[in-house]
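Residue numbers (our numbering), protein chains in the order written: chain A, 1 to 110; chain B, 111 to 226.
Calculated directly from the structure, the hints in this document are not laboratory data.
Watch out, some of these pointers could steer you wrong.
[As the list claims (entries may be wrong)] When the alpha-carbon atoms are kept at most 25 Å apart in a straight line, the in silico SDA-like pairs for lysine to any residue are as follows:
1) A/Lys73 <-> A/Lys102
2) B/Lys172 <-> B/Glu124
3) A/Lys73 <-> B/Glu214
4) A/Lys102 <-> B/Gln147
5) B/Lys188 <-> B/Gly113
6) B/Lys121 <-> A/Gln45
7) A/Lys9 <-> B/Gln147
8) A/Lys73 <-> A/Gly58
9) A/Lys15 <-> A/Lys57
10) A/Lys102 <-> B/Tyr120
11) A/Lys102 <-> B/Leu180
12) A/Lys22 <-> A/Gln2
13) A/Lys102 <-> B/Leu170
14) A/Lys105 <-> B/Glu154
15) A/Lys109 <-> A/Gly58
16) B/Lys172 <-> A/Ala1
17) A/Lys105 <-> A/Arg53
18) A/Lys9 <-> B/Val199
19) B/Lys121 <-> B/Leu180
20) B/Lys188 <-> A/Asn97
21) A/Lys57 <-> A/Lys102
[To be verified] To give an idea of the interface, some chain B residues facing chain A are shown, with a C-beta separation under 8 Å as derived from the structure:
22) Pro118
23) Tyr120
24) Gly138
25) Gln151
26) Pro153
27) Leu155
28) Arg158
29) Ala164
30) Asp166
31) Gly213
32) Glu214
33) Leu215
34) Glu219
Using N, Cα and C, we set each Cβ at its ideal position, and we do this for glycine too.
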Amino acid sequence: AQRVTQPEKLLSVFKGAPVELKCNYSYSGSPELFWYVQYSRQRLQLLLRHISRESIKGFTADLNKGETSFHLKKPFAQEEDSAMYYCALSGRGSQGNLIFGKGTKLSVKP
Amino acid sequence: EAGVVQSPRYKIIEKKQPVAFWCNPISGHNTLYWYRQNLGQGPELLIRYENEEAVDDSQLPKDRFSAERLKGVDSTLKIQPAELGDSAVYLCASSPWTDTNTGELFFGEGSRLTVL
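Here chain B stands alone, though its shape is the one from the complex (with noise of 0.2 Å):
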């Protein structure tokens, strides 16, 4: 199984440009997670969807940064305009619904974003 699988690896934009990152979780894997780690610390987490739905964006910074998750299966991180503090890897992790609250989440392999 391929896991979960994100692109693009890396981006390098220009502050000011848009940039989106993509997300195919593990199937039939309901929940959907976007976590954000800057260099040097650990993830934190921007947004949770339980299938379509956000149930918890509230660390999410709505003035950049959007989401979706069509069909409740692949999702979208999009951040426009970028900022110089943006740079960091962009994880992407689903769990399914039974193993929610055990915390085993299945992380890609990430997206590293470097904004100029």
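Bound conformation, chain A alone (with noise of 0.2 Å):
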């Protein structure tokens, strides 16, 4: 069964402070990995995908097929960041059926 698991629904750390937030998935194929932010009182957006290789904001992912995860990562959260986090699967072929997880709350306190 295809399945995203984001095992913490809170996430609070100090400004500065390195920031992990976990994603594992469950994917029979070769899945397109992504993450979404939705900022408070604004829309759903992609923060960013595996297939990128980018930094956004600083954050980075790495698709790790052995552990089947994609943990978002930063070495120095910002207040900014405070957000709800969703990380999702997409299958290849699947045409942007995207499967999310439950979401994880990041704070930041000053």
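Fit the two chains together into the complex; they arrive one by one in their own frames, and the hints show the way.
Right, dumping it as structure tokens:
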């Protein structure tokens, strides 16, 4: 079964601390993984995708096929990073049908 | 650019009543999605359109839910009759044809439904 698991509902860190939001997936083929973010009072938007291998707003995520994980990391959290983060999976050929995790709320304290 | 536009933003109805949600995707986006997001959960796909054709409606509860995308632009999602468990945020998203496999969906602000 295709599934995305985000084990933490809430993650609270202090400004300047490293942050890691965990994401594990279950998929029989070769998935494409994404992180979406929803800031307060804003709409859900794409943060980054694993195929791009890019850093967005200081965030990076590496796809680990052996551990079936796609954790989101940032070395120094900022207050403006506070938001809901959703990990999502798309199977190759599924043409955009995203399977989302339940989300992790990141709270960065001053 | 306005982005994906949805209406109404909020709707409160009594159970067994009908309700409809409207979505206007970004101009030029061929693919349109309806997702449902229950409280504390991630969005779940209900239906996906390519132009006016519903290419994936496997998760749409067809006994009470219906959707249409006339002329391949705007879309309407209807629930009739609504049940208590239908309380959720209904999200519309769109993507350009060429970006369909990149995972970048552009979401609307959502329509929050409360069924009493």
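Open item on the list: Name the hints, by number, that the structure is in violation of.
Closed with: When the structure is compared with the hints, numbers 11, 22, 23, 24 and 29 turn out to be violated.
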